[in-house]
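J.: Using the sequences provided together with the hints, build the complete structure.
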Amino acid sequence: MTLQTVLLVAAALFCVGLYGAISQQVVVMVMMGLELMLNGVILAAGAFWWFLSPAPDGQVLLLVVITAMTVEMAMGFAVATLLHRSRGSDMTDMATDLSR
Amino acid sequence: MTGALTQVPAGWVPLAAVLLLALAALGATVDGALAARAQGRHWGSGLGLPMAETARLLRQRRRRTVAADRPLWLIGTGGLLVVALLMVVVVPLGRWTLSDLPVGVVWFNAMDVVVWALVWLAGWGPNSAHSLVGGYRFLAQALAYELPLMFAITAPAVAAGSLAVGDVVAAQEGLWFAVWMPVAFLVFCGAVLAFSVRAPFSAPAGADLAGGVLADSSGIDRWLLLAGRWALMAAGSAFAVAVFLGGGHGPLLPAWLWSLVKTGALLAVLVWVRRRLPTVRPDRLLPFGWVVVLPLVLLQLLVVAVVVVVGGS
Amino acid sequence: MVDDIVFWGLAVVSVASGVAVFRVDSMARATYALAVSFVTVGLVLLLFGLDYLGIVVVLMMVMEMAIMAIYMIMFMGMNPALMPMSMVHGKRTAVTVAGLTFAVLAAGILLVDWPERRGAPAADLTLSLGHAVMGSKMLVMITVSAVLFATIVSALVLALPRGRYDTDGADDGDRASGEAPS
Amino acid sequence: MGLRRRLTAAAVRRATVLVVEVPGWGRTRCAVEREIRDRGWRPAASPADADVLLVCGRPGARLAAAVDLAWEQLPGPRARAEVLTPSGASAALDRALDGLADDDGQRADAAARPGDPAMGIGADEDPDGDDAGSGHETSDEDSDDGDSDDGDSDDGDSDDGDSDDGDSDDGDSGDGDSGDGDSGDSGDGSDDDGAEDDESGEDESGEDDADDSDDSDEMDMDMPMPAGIPLAGGGEARDGLEMDLLHVPLGPVLPAWPPGLVLHCTVQGDVVQEARAEVLPPGPDAEPDGDLVQGSPADRCDRAARILTVAGWADAAAAAARLRDELLDADGPGSSRPALDRLDRRVRRSWTLRRSLRGVPAAAGNPPAGDVHDQLLRHLDQARHPREGGVPTPVATVPLDRLPDLVAGQELAAVRLLVAAADLSPATLVRSGAGLS
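Residue numbers (this note's numbering), protein chains in the order written: chain A, 1 to 100; chain B, 1 to 313; chain C, 1 to 182; chain D, 1 to 437.
No wet-lab data here; the hints were simulated from the structure.
Don't be surprised by glycine CBs; every beta carbon is placed ideally from N, CA and C.
Incorrect hints may have been included.
Examples of chain A residues toward chain C, derived with CB under 10 Å [stated by the list, open to error]: (1) Leu8; (2) Ile22; (3) Val26; (4) Asn39; (5) Phe51; (6) Asp57.
With a straight-line Cα cutoff of 20 Å, these simulated SDA-like cross-link-like pairs (lysine to any residue) come out [said to hold, decoys possible]: (7) C:Lys91 - C:Ala103; (8) C:Lys91 - A:Leu34; (9) C:Lys91 - A:Gln25; (10) C:Lys91 - C:Ala20; (11) C:Lys91 - A:Gln24; (12) C:Lys91 - C:Thr101; (13) C:Lys91 - C:Thr151; (14) C:Lys91 - C:Val19; (15) C:Lys91 - A:Val27.
Reference listing, derived: stretches of chain B covered by chain D, where coverage requires no fewer than 3 residues with Cβ under 8 Å from a Cβ of chain D [unchecked claim]: (16) 31 to 43; (17) 210 to 219.
T.: Shown next, in the form of structure tokens:
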């Protein structure tokens, strides 16, 4: 467990999330991708803190990332709900069309 | 972290599990006795209930449902017992504790949140309308009880100036926290009933849903769910004893025995409460939780914080 | 040594479940795969001695994913599991971009000459985090936070329109008669 | 061997019983419930929970089919019995107990379950002969079905119901259709008695047919879906979000539910949007043994017990049921009076109960007025103060077709409370033929 290995894992998580965020069509799935990217960021921030400078202030950065994630989630839910409300369930409509 | 507690090696985990199951069985036994009395039989005739039910469910076959999400269902059913055990990991038994995590209070909180996921998965797994509605009900209910629960357990942590359960217990040397933060204590007891899905918070497994999350499980699956609920209730009581009722503090008896006696007594009281109260519908619970209980707990927390600030400076 | 084994185990689970999020067909499974990924990262933070933050990550993310699952199922009305169909657009671009990013990041991680560790972790990290956030005014902040939160909640309650189940006893009858199905 | 026998002995000490009442056999049901209580057994909440299926009365063809479906859902070891008179309750339970304790018999039953076409269904009672075959062959399929509790007569519906919120599961149903990696864990494979595994998916269509004939109601979308489970349609929900509609029939095999009643609900989330009610009649040549006298103190207590059961207050419900049985014995409140007063006080004082029941419209009177809490208190009141001369205060029964209007727009829990409290009289409805749709 060195800084490099942890960062590699974090980069892997970040890139999987990036793939999801780019490729998914549905808002909530895009959100999942973003979450996964932030997950990687958290891991990286933790690793930087531990391996480079385990000073108290460093933890605050992590706290900020976690908060950002929560806010992103809340906003995401709100946006998804609004989209759903205003456009109706386009996905479901699509499904019916396909089946006929 | 704390000098008062001895951390025992992980080899003692099985003993903790046995103790937890014994407490769970105690809860079920009290419940059986109370039920027998309510039905007009001698209370003694209900004492064998947990054993008889265990035998019955061990003999029963498991049920399958069409298009069930088997792995998630299994996680949901089996997880409850595991989470209950993880909860008691940070609860000291007298002087001993399995792990005196410096953030034990937060750990307990995190484990209780895992129950959200597990109950919902148990409802989701069987692919049946009733159990699914039960799972959703639990989430609705969880939103109502979780924040009050969080603030309720924050109060003793603030008073003790530490998130370690050992420190919280040590801070109650003279005066139990339950005495001067009664609101937080009562809210926490309510939350224990809620995350173990007991009346008045039993709507997710309610009779009106034919058993809700329990509706489609039988045999060992059902046993795991039922035992998990009782174990959660026991773990919640044990934690309440540690953070509100002075843990092992008490005269005469050794500390570990005090912990057990208090836990058993609190558990019995909670079982009694559960039998006294009808279920509250979850949609009526949410406004109550947020509009009434949450401000009360916050007020309690405010009082505690002011006392600590004033007393500390 | 033990730390290494635990770390690698957690790392593998974390990345694997991260990949699973976009591979499985079931919304419930995808959501909970993401939850597993978060939980493992939270546990890795515990390895770094970040007890509080690690457990908070577990706590918040499990809670969030439990709620997320509802949204997933609600808004993914059309589910790939029901009718196998691709919900993905620009798959090739996405893979390329993600792969390139990973290559760049990995190169950077491996090539940069990381500085030596400076300083040592505080004895009580949770306390030091508190001090870092709130300075010496922590106790005051504890008091204020309760007040602030109470204000937020009351503001929300006042501002909230009627929801799906606004049942305040007497209203129910109105609703039942007023909203007969179309 | 000794261990096994001891396990069996312990296991049957507290059997759970799923009681099914056929309209017209109310007194028999009361006797059965009393016997269960006195033995320290437990009424089951759903077929999955039950060891014993006890039918009070002789069901008509459709009700019998529903009962048979429920029977298939009992996980086993299982036993089944029929009671026709109150005095037969004890003997029937003894019979069921013998069946339960018979290890060899149970093993044979388990082994015979998948293929045996005659399993649990008397051919003469089957609703329509043509479908009987398919219905039987898929019987184990049905037993696996998602909806243990509701209706049981209508698995097909509940399946499609689940399909929209449970959609993600469908890939696993074992058909291997979607080719996703999950189909391996289709649940069937991992179970203990492998004998039932074989036909997990292929009979779906047959099953649906059988069920549709059962309840010929659905405006079902019958487009073929991978797992044989049709996709749900959408519809506007009351908070402005569009949500899937599913069809969930409630009843007739449901505890604390009016006998024989089936409520075909269209549910959105947990809100019932539309419903259709009907009552499944008893067998044509059956001689009903008798109901509780409508409006008598015992009948009032029975209704109160039903409401309290659904409200999730087992102890108060048990108290009400005990009072009912005492009143049935004594014919007049006399000695039960103190206990009645106690129960009344307890119910009146309960703040949580009021919170749950207030505002759920009552299906009582004409036009319906008040809420379920009023209704519960009224029942207890009337039980305490029966009219002079022993003539019971009549219950103003609500016509069956009022029920759907009342139920529409209510949440599932409210619907259960509403129906449990509804002043219906299925037996009368059946006699007059009004219950048949």
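J.: Which of the stated hints cannot be reconciled with the structure, identified by number in ascending sequence?
T.: Hint 13 alone not satisfied by this model.
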